[in-house]
Amino acid sequence: MAMAAFRREGRRFAPLLHPNSITAPRSSLIPQELDPEGVRFISTQVVRNRMKSVKNIQKITKAMKMVAASKLRGVQTKAENSRGLWQPFTALLGDTPSIDVKKNVLVTISSDKGLCGGINSTSVKMSKAIHKLNSGPDKETKYVIVGEKAKAQLVRDSKKDIELNITDLQKIPLNYTQAIFLTLELVLVDKSSQAGLISVLADDILKNVEYDALRVVFNKFHSVVSFMPTMSTVLSPEVVEKEAEAGGRLEGLDSYEIEGGETKSEVLQNLTEFQFSSVLFNAVLENACSEMGARMSAMDSSSRNAGEMLDRLTLTYNRTRQASITTELIEIISGASALEG
Amino acid sequence: MASNAAAVPFWRAAGMTYITYSNICANLVRNCLKEPYRSEAINREKVHFSVAKWVDGKPQKPRDEELWHGNHA
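First to last, the protein sequences are chains S and D.
Residue 0 is where the first sequence starts when you use numbering that gives the first Met the number 0, and the numbers rise one by one after that.
Residue 0 is where the second sequence starts when you use numbering that gives the first Met the number 0, and the numbers rise one by one after that.
Since the hints were made in silico from the structure, they are not lab data.
Please note that the accuracy of each hint is not assured.
List of simulated lysine-lysine pairs, DSSO-like, C-alpha gap at most 27 Å [what the hints assert, rightly or not]:
| # | chain 1 | residue 1 | chain 2 | residue 2 |
| --- | --- | --- | --- | --- |
| 1 | D | K60 | S | K102 |
| 2 | S | K127 | D | K45 |
| 3 | S | K159 | D | K60 |
| 4 | D | K52 | S | K102 |
| 5 | D | K33 | S | K141 |
| 6 | D | K33 | S | K77 |
| 7 | D | K57 | S | K170 |
| 8 | S | K127 | D | K52 |
| 9 | S | K77 | D | K45 |
| 10 | S | K170 | D | K45 |
| 11 | S | K131 | D | K52 |
Have a look at the derived ranges for each label pair, beta carbon to beta carbon [to be verified]:
| # | chain 1 | residue 1 | chain 2 | residue 2 | range |
| --- | --- | --- | --- | --- | --- |
| 12 | S | R72 | D | P35 | 37 to 45 Å |
| 13 | D | Y36 | S | G306 | 41 to 49 Å |
| 14 | S | G73 | D | Y36 | 17 to 25 Å |
| 15 | S | S225 | D | F9 | 44 to 52 Å |
| 16 | D | P58 | S | N317 | 49 to 57 Å |
| 17 | S | G306 | D | H47 | 25 to 33 Å |
| 18 | S | S254 | D | P35 | 44 to 52 Å |
| 19 | D | R37 | S | R311 | 54 to 62 Å |
| 20 | D | L27 | S | Y255 | 27 to 35 Å |
| 21 | D | Y36 | S | K159 | 44 to 52 Å |
| 22 | S | K61 | D | P35 | 31 to 39 Å |
| 23 | S | Y255 | D | G56 | 38 to 46 Å |
| 24 | D | P58 | S | M227 | 27 to 35 Å |
Quantities reported herein were computed from a predicted structural model and do not represent experimental measurements.
For each residue, glycine too, the CB sits at the ideal point set by N, CA and C.
With these hints in hand, go ahead and build the complete structure from the sequences.
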C-alpha cells in the first residue's frame, strides 16, 4: 500500500523531476509510460492483459501436452514391437560400436518440430562426439540427417560433412515401408535399376552413400521422462565377413548352417541390408517416441510455470486494486471529516 | 555388388537389393488381400518424406518422396 501511494506520488511529480528516473528500476509488469499523464490511479489494464495472455499460453501448452500424450501411446506400442526386429541381429552379429573403419556414415535422427526438450541436442552432441572419434587423416565420416532440428544445429559447424538430409518423415504414421525407402536412399546399390523401379527416384540425384559402417544415433525410449542417446552400428557385409574371419564377437556366425545354393557373402549382404532397414525403422520409432515423451514433460512443466506466473500476476493485480480502493476510501473519509470539522 | 558372379539370385542380378525385393514381395501379398483389408494394408504403408542431397556444404533442391504403395508394383 505504501508502495502504491509512493507510486502515485511519483507519477504526479515525475514530469517535474525527471521523466524516467523513477520508473526505471521498477518491475516491467506495470510500465508507467503506458498510463496517460495525470491519471490518478494505477491502471490495472496492463496486468489484466498479461494475465489473459499467460492464461492463453497455458491453454495451448496443456493442449499440446494432451496431443503429445495421445500420440505417444500409439507410437510407443509400435516402437516396443519394433524392438523385436533388431534384437536377433544383435544376438547374432553383436554390436560393435568401437569398430574402426575408413568410411563411416553417421545417421543422426532428430525431430522435425521443436518444443520437445533436449532430445535433439543430445543426439546432435552424441553424433558430434562420434564424428570426432571417427575422424582421422585417412578416414571419412559423413552425416546423414533425419529431421529438421538436427540439421539446424549441425549446419553451423559441420555443414561440409553433411551428405544427405531427410525431413517430413512424420507427416503420416511411421511404417516399415518408409524405413525401407529410407534405407534405399542410403544404401542404394544400383542407380539405374532403382530408377526403373520407382520413377520418382531420379537417378542422377541418387548417388549412393558408400559406407563401411553405418552408425545410427537416436534417443532410445525408456519411459516418458527418460530416454538414452543411443548408437547402433551396422557394418557393411565385407566388414562383417572380415570381422568373422578375424574371430572375436562375430565368430558365432560360422556355426550357422546356410541353406540353399547361396554363399555366405550373399547371405551376409542380404542380412545387413535387412538389418539396416530394421535398425533404422526401430531408431526412427524410438526417437519419435522419445520426442513425444519429451514434449509431454516439457509442456507439462511449461503449463505449470504458466500457472505459477498467473498466480503471481493475480496477486499483484489484487494487491494493486485493493491499494487503490483503500486510498480512495481514505481520501473520501478524510475529505468528509474535514468538512465536518 | 556381385551381380555378375555365378548363381546370384535373379533379383540381385536385376540390380535390386534384398529389401527392395522383399518390399515388392510384401506389396504383392498386400495386393492379394481381400477388401477391406487390402486398402487398409495399402494405406498403412504410405511413404512420405523429402530428401535433400548436400554438396559442398550446401543443400541441393529437396525432392519430395510421396508414394502410395500400390503405385509402382
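For each hint, the structure was consulted:
1. K60/D <-> K102/S: Holds - the C-alpha atoms of K102/S and K60/D are around 25 Å apart, at most 27 Å.
2. K127/S <-> K45/D: violated (32 Å)
3. K159/S <-> K60/D: holds (17 Å)
4. K52/D <-> K102/S: Given pair K52/D, K102/S holds - Cα atoms ~18 Å apart, limit 27 Å.
5. K33/D <-> K141/S: Roughly 45 Å between the alpha carbons, so the hint for K33/D and K141/S is violated.
6. K33/D <-> K77/S: holds (25 Å)
7. K57/D <-> K170/S: Given pair K57/D, K170/S holds - Cα atoms ~25 Å apart, limit 27 Å.
8. K127/S <-> K52/D: holds (20 Å)
9. K77/S <-> K45/D: holds (16 Å)
10. K170/S <-> K45/D: Holds, at about 10 Å.
11. K131/S <-> K52/D: holds (22 Å)
12. R72/S <-> P35/D: 37 to 45 Å: violated (24 Å)
13. Y36/D <-> G306/S: 41 to 49 Å: holds (47 Å)
14. G73/S <-> Y36/D: 17 to 25 Å: holds (20 Å)
15. S225/S <-> F9/D: 44 to 52 Å: About 48 Å separates the Cβ atoms of S225/S and F9/D, which means 44 to 52 Å holds.
16. P58/D <-> N317/S: 49 to 57 Å: holds (54 Å)
17. G306/S <-> H47/D: 25 to 33 Å: For H47/D against G306/S, whose Cβ atoms are near 38 Å apart, the range 25 to 33 Å is violated.
18. S254/S <-> P35/D: 44 to 52 Å: At 46 Å between Cβs, range holds.
19. R37/D <-> R311/S: 54 to 62 Å: Holds, at about 59 Å.
20. L27/D <-> Y255/S: 27 to 35 Å: Given about 29 Å between the Cβ atoms, the range holds.
21. Y36/D <-> K159/S: 44 to 52 Å: Holds, since Y36/D and K159/S (Cβ atoms, about 49 Å apart) stay within the stated range.
22. K61/S <-> P35/D: 31 to 39 Å: holds (37 Å)
23. Y255/S <-> G56/D: 38 to 46 Å: holds (44 Å)
24. P58/D <-> M227/S: 27 to 35 Å: Between P58/D and M227/S, where Cβ atoms are some 30 Å apart, the hint holds.
Hint violations for this structure: numbers 2, 5, 12 and 17, all remaining hints satisfied.
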